[in-house]
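Number of protein chains: 2
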Amino acid sequence: MQRNQSSSFYLGVDGGGSKCKAVVVNHNLEILGSAIAGPANPCVDYQLAIDSITESCGRALAEAGLSKEQHRIELGLALAGVNFDHVFQRVNEWSHPFHSMRLITDWHAACLGAHEGRDGAVIIVGTGSCGYVCVNGQSKSFGGHGFPVGDKGSGAWLGLQAMKAALLAKDGMGPPTLMKELLCTSLSCKPEDLAIRMVGASSAQYAQLAKTVFAANKQGDVQAAGILNEAIDYIEAMAHSILEYGPPRLSLVGGIAPFLMPLLNHRLREHISRPLANPEMGAVYSLLKNTKT
Amino acid sequence: MQRNQSSSFYLGVDGGGSKCKAVVVNHNLEILGSAIAGPANPCVDYQLAIDSITESCGRALAEAGLSKEQHRIELGLALAGVNFDHVFQRVNEWSHPFHSMRLITDWHAACLGAHEGRDGAVIIVGTGSCGYVCVNGQSKSFGGHGFPVGDKGSGAWLGLQAMKAALLAKDGMGPPTLMKELLCTSLSCKPEDLAIRMVGASSAQYAQLAKTVFAANKQGDVQAAGILNEAIDYIEAMAHSILEYGPPRLSLVGGIAPFLMPLLNHRLREHISRPLANPEMGAVYSLLKNTKT
Numbered sequence: 000m001q002r003n004q005s006s007s008f009y010l011g012v013d014g015g016g017s018k019c020k021a022v023v024v025n026h027n028l029e030i031l032g033s034a035i036a037g038p039a040n041p042c043v044d045y046q047l048a049i050d051s052i053t054e055s056c057g058r059a060l061a062e063a064g065l066s067k068e069q070h071r072i073e074l075g076l077a078l079a080g081v082n083f084d085h086v087f088q089r090v091n092e093w094s095h096p097f098h099s100m101r102l103i104t105d106w107h108a109a110c111l112g113a114h115e116g117r118d119g120a121v122i123i124v125g126t127g128s129c130g131y132v133c134v135n136g137q138s139k140s141f142g143g144h145g146f147p148v149g150d151k152g153s154g155a156w157l158g159l160q161a162m163k164a165a166l167l168a169k170d171g172m173g174p175p176t177l178m179k180e181l182l183c184t185s186l187s188c189k190p191e192d193l194a195i196r197m198v199g200a201s202s203a204q205y206a207q208l209a210k211t212v213f214a215a216n217k218q219g220d221v222q223a224a225g226i227l228n229e230a231i232d233y234i235e236a237m238a239h240s241i242l243e244y245g246p247p248r249l250s251l252v253g254g255i256a257p258f259l260m261p262l263l264n265h266r267l268r269e270h271i272s273r274p275l276a277n278p279e280m281g282a283v284y285s286l287l288k289n290t291k292t
Numbered sequence: 000m001q002r003n004q005s006s007s008f009y010l011g012v013d014g015g016g017s018k019c020k021a022v023v024v025n026h027n028l029e030i031l032g033s034a035i036a037g038p039a040n041p042c043v044d045y046q047l048a049i050d051s052i053t054e055s056c057g058r059a060l061a062e063a064g065l066s067k068e069q070h071r072i073e074l075g076l077a078l079a080g081v082n083f084d085h086v087f088q089r090v091n092e093w094s095h096p097f098h099s100m101r102l103i104t105d106w107h108a109a110c111l112g113a114h115e116g117r118d119g120a121v122i123i124v125g126t127g128s129c130g131y132v133c134v135n136g137q138s139k140s141f142g143g144h145g146f147p148v149g150d151k152g153s154g155a156w157l158g159l160q161a162m163k164a165a166l167l168a169k170d171g172m173g174p175p176t177l178m179k180e181l182l183c184t185s186l187s188c189k190p191e192d193l194a195i196r197m198v199g200a201s202s203a204q205y206a207q208l209a210k211t212v213f214a215a216n217k218q219g220d221v222q223a224a225g226i227l228n229e230a231i232d233y234i235e236a237m238a239h240s241i242l243e244y245g246p247p248r249l250s251l252v253g254g255i256a257p258f259l260m261p262l263l264n265h266r267l268r269e270h271i272s273r274p275l276a277n278p279e280m281g282a283v284y285s286l287l288k289n290t291k292t
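Residue numbers (numbering that gives the first Met the number 0), protein chains in the order written: chain A, 0 to 292; chain B, 0 to 292.
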C-alpha cells in the first residue's frame with residue numbers, strides 16, 4: 000500500500016456509546032501513542048462525544064510527544080451514529096483543531112481495520128449489531144438500525160430477550176428459565192423487581208445482561224438456547240447476504256463475537272477470518288492514499 | 000352498593016403516558032364535571048404528572064361549580080407506574096390540596112370501572128398491555144412490565160414489530176411486507192429513513208404505528224398476520240391465566256382492544272364482557288365503602 004510520505008501524523012479515533020479510543024501513528028504506521036476516553040455517540044450526547052474525542056486525542060498526542068500546534072495532524076474520526084445524514088453533517092461541521100479531518104462510520108472503520116485498509120467485510124456484534132461490506136469502492140451496510148428496533152443478535156438484544164423470558168417465567172406465562180435467577184443475581188434483586196431495575200435502561204445496560212444467556216445455555220437452559228438460535232440465524236443470514244458481494248475476507252468483531260463464533264455453522268466459520276487490526280487503526284487507514292473507501 | 004352519604008364529592012382521576020382524565024361526581028355518582036389534561040406518568044416526568052393531575056382536577060371541579068376550599072373533595076387517583084413501590088411512595092407523599100387522596104394503579108382503576116367496583120378482571124391493551132384480576136379482596140397482575148421489555152400485544156409492541164419487519168424487508172434479510180410501505184406513508188419518509196425517524200421514540204410513538212399491522216393484515220400480509228398471531232397467543236394465554244382465578248367478569252379494554260377482539264378465539268370471546276364504566280369512574284369506586292379493593 001502506497002502511503003503519504005509527508006511529515007503528517009495520523010490520528011485514528013473510534014467512538015461509540017461506551018468509550019472513545021484514539022491512536023496516533025507516523026507515516027510508517029508505527030504506533031506512537033494511544034488513549035481511551037468516555038462515551039462518544041453523537042446521537043446520544045453531541046457535546047459529550049466531542050469532549051471524549053478531544054480528550055482521547057489530547058492524551059494520545061501527549062503520549063506521542065506531539066502537539067497539534069507544531070505538527071501536522073490528520074484526524075480519521077470513526078463514530079457510531081454518523082450513518083444518519085444529519086448527525087454526519089453536524090459532526091463534520093465541528094471546528095476541530097487539526098490539519099484535516101475525515102469522518103466515517105464506526106462500521107467502515109471496523110472493516111478497514113479488520114482488513115488493513117483492503118476490501119472486505121465485517122459483522123459487528125457488540126452492544127449493537129450490523130454488517131458492512133466494502134468491495135471495489137462500493138459499500139453496503141446490513142441492519143444496524145439501533146436499539147430496540149434493530150440490532151438483533153447484539154448484546155443489547157440478547158439482554159432484552161433474557162429479560163423478556165425471565166418476566167414471562169415470573170408471571171407463569173412462559174416456561175421456567177435459569178435466566179431469571181441469573182438476572183436476579185446480576186442485578187442483585189428479586190424477580191418481582193427485575194422490570195423496575197430496567198425502566199428506561201440504555202442499550203449498554205441491556206448488553207451487560209447478555210452474559211446470562213450464554214451462562215444459562217451452558218447449563219442446558221432451553222429458553223436461552225432458543226434465544227441464541229434466533230441470534231445465530233440472524234447473524235448467519237447476514238453473513239450469507241454479505242458473502243454474495245464477494246468480499247475477499249469476512250471478520251466477526253465486537254464484544255459478543257467470541258461467544259457467538261463457536262455457535263456458528265462450521266461451514267460458515269471457514270469463511271471467517273481473524274481481524275488484522277482494530278477500528279481505530281481502521282480510522283487511520285481511511286486517511287491513507289489508495290485505500291479503497 | 001352502600002355509599003358514604005356525607006357531603007363529600009368524589010374526584011376520580013386516571014393518568015397515563017398520553018393523557019390524564021378527571022371526573023367529579025356526587026354521592027349518587029351523578030357526573031357533575033369532567034376534563035382531560037396532558038400526560039401524567041410519574042415514571043416518565045413526575046412534575047408534569049402532578050401538573051396534569053392538578054389541571055384536570057381544577058377544570059373538572061370548575062365545570063361542576065365546586066371548589067376545594069368550600070367543598071369536601073375526596074380524590075381517587077389512578078396512575079400508570081405506581082405499581083413500582085418507590086413511584087407509589089413519591090406520589091403518595093404529594094401534598095395534594097384535597098380532603099383526602101387514595102392512590103391506586105391504573106390497572107386497578109380499569110378493573111373497578113369495568114365492573115362498577117365489583118370483583119372482576121381486565122386485560123388492558125392500549126399503548127402498553129397488562130392483566131389484572133381482583134377476587135375476594137385478592138388481586139394479581141400479569142405482564143405490564145413496560146416497553147420494550149414487556150407489554151406484548153400492546154400498541155407499542157405492535158408498532159415495534161411492524162418496524163422490525165419493515166427494516167428486515169428493506170435490508171433484504173426478511174420477507175417483503177406491506178407494512179414497509181404503510182410505515183413509510185405513516186411517517187412520510189423513504190424506507191432508508193424509517194430507522195432514523197424512530198431513534199429514541201417513546202412507547203406512545205410506537206403505538207401510533209400499530210394501525211399499520213391491522214391494515215396490512217386486512218390486505219393479506221403474511222408478516223402482519225404473524226405478528227397479530229403472536230399478540231393473540233399472548234393475550235389468550237393471559238386470559239386463561241386470569242380465568243383460573245374465577246373472576247365473575249372479564250373485560251378487554253384500551254385503545255387496541257376493539258381491533259384485537261374479533262381475532263380472539265370465539266370460545267374465549269364468550270367469557271369477555273363489555274366494560275361498564277371507564278377507569279376514572281373506577282378511581283371513584285376505589286373511594287366508596289364496601290368496594291372490594
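Hints may be right or wrong, so weigh each one.
Which copy is meant is left open, so a pair is good if it fits within one copy or across any two.
In silico lysine to aspartate or glutamate, DMTMM-like type, Cα no more than 25 Å apart, as pairs [unchecked claim]:
#	residue 1	residue 2
1	Lys-163	Glu-191
2	Lys-163	Asp-118
3	Lys-169	Asp-50
4	Lys-169	Glu-29
5	Lys-67	Glu-92
6	Lys-169	Asp-84
7	Lys-210	Asp-192
8	Lys-163	Glu-243
9	Lys-217	Asp-118
10	Lys-217	Glu-92
11	Lys-217	Glu-243
12	Lys-169	Glu-235
13	Lys-163	Asp-232
14	Lys-139	Glu-191
Simulated from the structure, these hints should not be mistaken for laboratory data. Note that the structure is predicted; figures quoted are calculated from it, not measured.
| task | Measure nothing new, just compare the shortest in-copy and cross-copy C-alpha distances for Lys-210 and Asp-192 to 25 Å and report within, between, both or neither. | result | For Lys-210 and Asp-192, only the intra-copy Cα distance (19 Å) is at most 25 Å; the inter-copy one is 32 Å.
| With identical chains treated as interchangeable, where does the CA-CA distance between Lys-217 and Asp-118 reach 25 Å or less: within a copy, between copies, both, or neither? | Neither, since 36 Å and 45 Å both go past 25 Å.
| task | Can you give me the call for Lys-217 and Glu-92, within, between, both or neither, at a CA distance of at most 25 Å? | result | neither (48 Å within a copy, 47 Å between copies)
| Can you tell me if Lys-217 and Glu-243 fall within 25 Å by alpha carbon in one copy, between copies, both or neither? | Classified as neither: same-chain Cα gap 33 Å, cross-chain 35 Å, threshold 25 Å.
| task | Up to 25 Å between alpha-carbons, please classify Lys-163 paired with Asp-118: within, between, both or neither. | result | neither (39 Å within a copy, 30 Å between copies)
| request: Up to 25 Å between alpha-carbons, please classify Lys-163 paired with Glu-243: within, between, both or neither. | output: between (34 Å within a copy, 23 Å between copies)
| task | State whether the alpha carbon distance between Lys-169 and Glu-235 is at most 25 Å within one copy, between copies, both, or neither. | result | Classified as between: cross-chain Cα gap 17 Å, same-chain 32 Å, threshold 25 Å.
| task | State whether the alpha carbon distance between Lys-139 and Glu-191 is at most 25 Å within one copy, between copies, both, or neither. | result | between (44 Å within a copy, 12 Å between copies)
| task | At 25 Å max between alpha carbons, let me know whether Lys-169 reaches Glu-29 within a copy, between copies, both or neither. | result | Answer is neither; intra-copy 54 Å and inter-copy 42 Å both fail.
| said: My question is about Lys-163 and Glu-191: at a cut-off of 25 Å on alpha-carbon distance, are they close within one copy, between copies, both, or neither? | reply: within (13 Å within a copy, 29 Å between copies)
| query | How would you label the pair Lys-169, Asp-84 (within, between, both, or neither) given a Cα cut-off of 25 Å? | reply | between (42 Å within a copy, 18 Å between copies)
| message | For Lys-67 and Glu-92, with the copy left unspecified, which applies at a CA distance of at most 25 Å: within, between, both, or neither? | response | Result: close within a single copy only, 19 Å intra versus 56 Å inter.
Of the numbered hints stated above, those contradicted by the structure are hints 2, 3, 4, 9, 10, 11, listed in ascending order.
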